[in-house]
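Chains as they are written, first to last, in the working numbering: chain V, 1 to 323; chain U, 1 to 323.
Calculated from the structure, these hints are not laboratory results.
Each hint should be verified, as a subset may be incorrect.
Any copy will do: because identical chains look the same in the list, a pair fits if it lies in one copy or spans two.
[To be verified] With a Cα cut of at most 25 Å, we get these calculated DMTMM-like pairs of lysine to aspartate or glutamate:
hint, residue 1, residue 2
1, K62, E103
2, K17, D47
3, K322, D101
4, K298, D171
5, K212, D228
6, K173, E295
7, K173, D200
8, K212, D242
9, K93, E220
10, K173, D242
11, K93, D60
12, K210, D3
13, K210, E307
14, K93, E203
15, K298, D78
16, K298, D279
17, K231, E295
18, K224, E40
19, K93, E103
20, K62, E295
21, K93, E295
22, K298, E80
23, K173, E204
24, K62, D101
25, K322, E103
Protein chains: 2
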Amino acid sequence: MEDQKIIGIDLGGTSIKFAILNQEGEIQQRWSQETNILDEGSHIIPDIIESINHHLDIYDMKPTQFSGIGMGSPGSVDRENGTVIGAFNLNWKQLVYPKRDIEAGTHIPFYIDNDANVAALGERWKGAGDNQPDVTFVTLGTGIGGGIIANDRLLHGVSGSAGEIGHVTVDPKGYLCTCGKHGCLETVASATGVVRVARDMAEEYAGTAKLKELLDAGEEISSKIVFDLAKEGDPLATAVVDRVSYYLGFALANIGNTLNPSFIVVGGGVSAAGEFLLDKVRVAFAQNTFPNVRENTKIRLATLGNEAGVIGAASLVLENNKD
Amino acid sequence: MEDQKIIGIDLGGTSIKFAILNQEGEIQQRWSQETNILDEGSHIIPDIIESINHHLDIYDMKPTQFSGIGMGSPGSVDRENGTVIGAFNLNWKQLVYPKRDIEAGTHIPFYIDNDANVAALGERWKGAGDNQPDVTFVTLGTGIGGGIIANDRLLHGVSGSAGEIGHVTVDPKGYLCTCGKHGCLETVASATGVVRVARDMAEEYAGTAKLKELLDAGEEISSKIVFDLAKEGDPLATAVVDRVSYYLGFALANIGNTLNPSFIVVGGGVSAAGEFLLDKVRVAFAQNTFPNVRENTKIRLATLGNEAGVIGAASLVLENNKD
Numbered sequence: 001m002e003d004q005k006i007i008g009i010d011l012g013g014t015s016i017k018f019a020i021l022n023q024e025g026e027i028q029q030r031w032s033q034e035t036n037i038l039d040e041g042s043h044i045i046p047d048i049i050e051s052i053n054h055h056l057d058i059y060d061m062k063p064t065q066f067s068g069i070g071m072g073s074p075g076s077v078d079r080e081n082g083t084v085i086g087a088f089n090l091n092w093k094q095l096v097y098p099k100r101d102i103e104a105g106t107h108i109p110f111y112i113d114n115d116a117n118v119a120a121l122g123e124r125w126k127g128a129g130d131n132q133p134d135v136t137f138v139t140l141g142t143g144i145g146g147g148i149i150a151n152d153r154l155l156h157g158v159s160g161s162a163g164e165i166g167h168v169t170v171d172p173k174g175y176l177c178t179c180g181k182h183g184c185l186e187t188v189a190s191a192t193g194v195v196r197v198a199r200d201m202a203e204e205y206a207g208t209a210k211l212k213e214l215l216d217a218g219e220e221i222s223s224k225i226v227f228d229l230a231k232e233g234d235p236l237a238t239a240v241v242d243r244v245s246y247y248l249g250f251a252l253a254n255i256g257n258t259l260n261p262s263f264i265v266v267g268g269g270v271s272a273a274g275e276f277l278l279d280k281v282r283v284a285f286a287q288n289t290f291p292n293v294r295e296n297t298k299i300r301l302a303t304l305g306n307e308a309g310v311i312g313a314a315s316l317v318l319e320n321n322k323d
Numbered sequence: 001m002e003d004q005k006i007i008g009i010d011l012g013g014t015s016i017k018f019a020i021l022n023q024e025g026e027i028q029q030r031w032s033q034e035t036n037i038l039d040e041g042s043h044i045i046p047d048i049i050e051s052i053n054h055h056l057d058i059y060d061m062k063p064t065q066f067s068g069i070g071m072g073s074p075g076s077v078d079r080e081n082g083t084v085i086g087a088f089n090l091n092w093k094q095l096v097y098p099k100r101d102i103e104a105g106t107h108i109p110f111y112i113d114n115d116a117n118v119a120a121l122g123e124r125w126k127g128a129g130d131n132q133p134d135v136t137f138v139t140l141g142t143g144i145g146g147g148i149i150a151n152d153r154l155l156h157g158v159s160g161s162a163g164e165i166g167h168v169t170v171d172p173k174g175y176l177c178t179c180g181k182h183g184c185l186e187t188v189a190s191a192t193g194v195v196r197v198a199r200d201m202a203e204e205y206a207g208t209a210k211l212k213e214l215l216d217a218g219e220e221i222s223s224k225i226v227f228d229l230a231k232e233g234d235p236l237a238t239a240v241v242d243r244v245s246y247y248l249g250f251a252l253a254n255i256g257n258t259l260n261p262s263f264i265v266v267g268g269g270v271s272a273a274g275e276f277l278l279d280k281v282r283v284a285f286a287q288n289t290f291p292n293v294r295e296n297t298k299i300r301l302a303t304l305g306n307e308a309g310v311i312g313a314a315s316l317v318l319e320n321n322k323d
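Whenever a hint applies, use it, and build me the whole structure from the sequences.
Put into structure tokens, the structure is as follows:
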């Protein structure tokens, strides 16, 4: 039915965000609760079921008024079976069954995908992606995640690793990544990567720079501090941001050469550095893209912030109804 | 109708190949003719129309017995409008109208895409792609072309450049490419690229090697000669093939990290070097891929040879009937 609503859930290690949306992706109700990761995360799914049923009571709504529930989850997601394994920030080490349990507990069809894919769908639908058929999303956080929409559909690949943009190799002789290989984009352009590059460049830096002073004094630095100092003109911080931007622009250029999306949308904590970061990224992007791609694929900042998760989760329901 | 036939056309600079196929992609008739590129290629489309109508007469078939004609073409193809521009090996410098003219001349619906995309569809459907939903194809010829099928659909991107694998940057400080940027895969791993790498490495090579002798004697060398000498153990030729394979493996690894296809199918003249080449490519691919991709995305040789074009062109008809 056209006026059916959708529930979007953004499941994270600290909070679970919920929203009720209409078919146009407009949020009509929203709420959230803390994530209880005690007892191997065994309270999480019952909490979600209770929260949904409780809020349907409050709003005097019935399960039949919903076309589905969509959820973005950390960990390794099996979309067909609706299971998750290895979501360590939820304490979900063993296989859990969100689809089976939430459908039984709410009587609403349930769809699930990983959080980066879901955020990609959200930004594409209602954010910087302008609802175009070809949009790539990259999120620069503690790690780097990604999601690719092509021909209006999310890509998963043969074993669910499509969009692993954080593990694109940008420097084959570079830092060892947690994934076991060297020189992944994540090792240099995630929040932790930026700090790693800063520490390494500081060691070899001979001049005077505030960033070097902070590091030499043993201060905790963050990627935000590095970007803030670069914006103030600190020479070492500028060199760090230039190097990080180069790697990011190189990786996004080859994604552009391969996929030629309308937009490559950049989100996540590191993207708070804004156009200051993107302007530098665009230089390396232009150097490394085929002319038609350089002219037609645009790099943009994400616009939805925290809401990308619930909106994208809701669009997962529409995505699955296309099948 | 299920028993309708399809006509596949592979339009090239020296010959035009035709085939009549059934809906399962089995070739039932085939013929070809020389490409007449005189008079700015103005004879090509009339020749195609005449050839089709002539062969339908011979086989006593009517236009209504065909669900469509598919054609792969060089140049820049506008799929929606069915036009081509800048196909220099056909002398088509100006805009030509294959769809308009061939539909008017044969009364059969006509679909067109560029030759690399069409070959990708062919290899995916009846060749090394095992008809999987996610298959990437790369063709190593005079240049390097590519085509990407994801979620069962060919990718084009916002401006038709999806799959420009030849212009993935593998060495930002590398050779200048015809496209205007530096270090494109095509500059080192196409047939001409292999020879370029050989000439450059020979200049710096101090030892004794047959390949160096040939080059020093001013002999014409080809990529085939380089691979043949490497297979015989020639040290310089081996070093050249190792470098070429490294770049190819690096580029395919990042395509794997981005798309996680079932297969990356390698075709074109240079792929005649066979498993000798692919085994080396797989080393660099393994070094630069995320573990899940390394385990699940396989590199394979193309199997259809010259027939990929007509088979893929035919599948273009099926592809378009999905819309």
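>> Name the hints, by number, that the structure is in violation of.
In response: 9, 11, 12, 13, 14, 17, 18, 20
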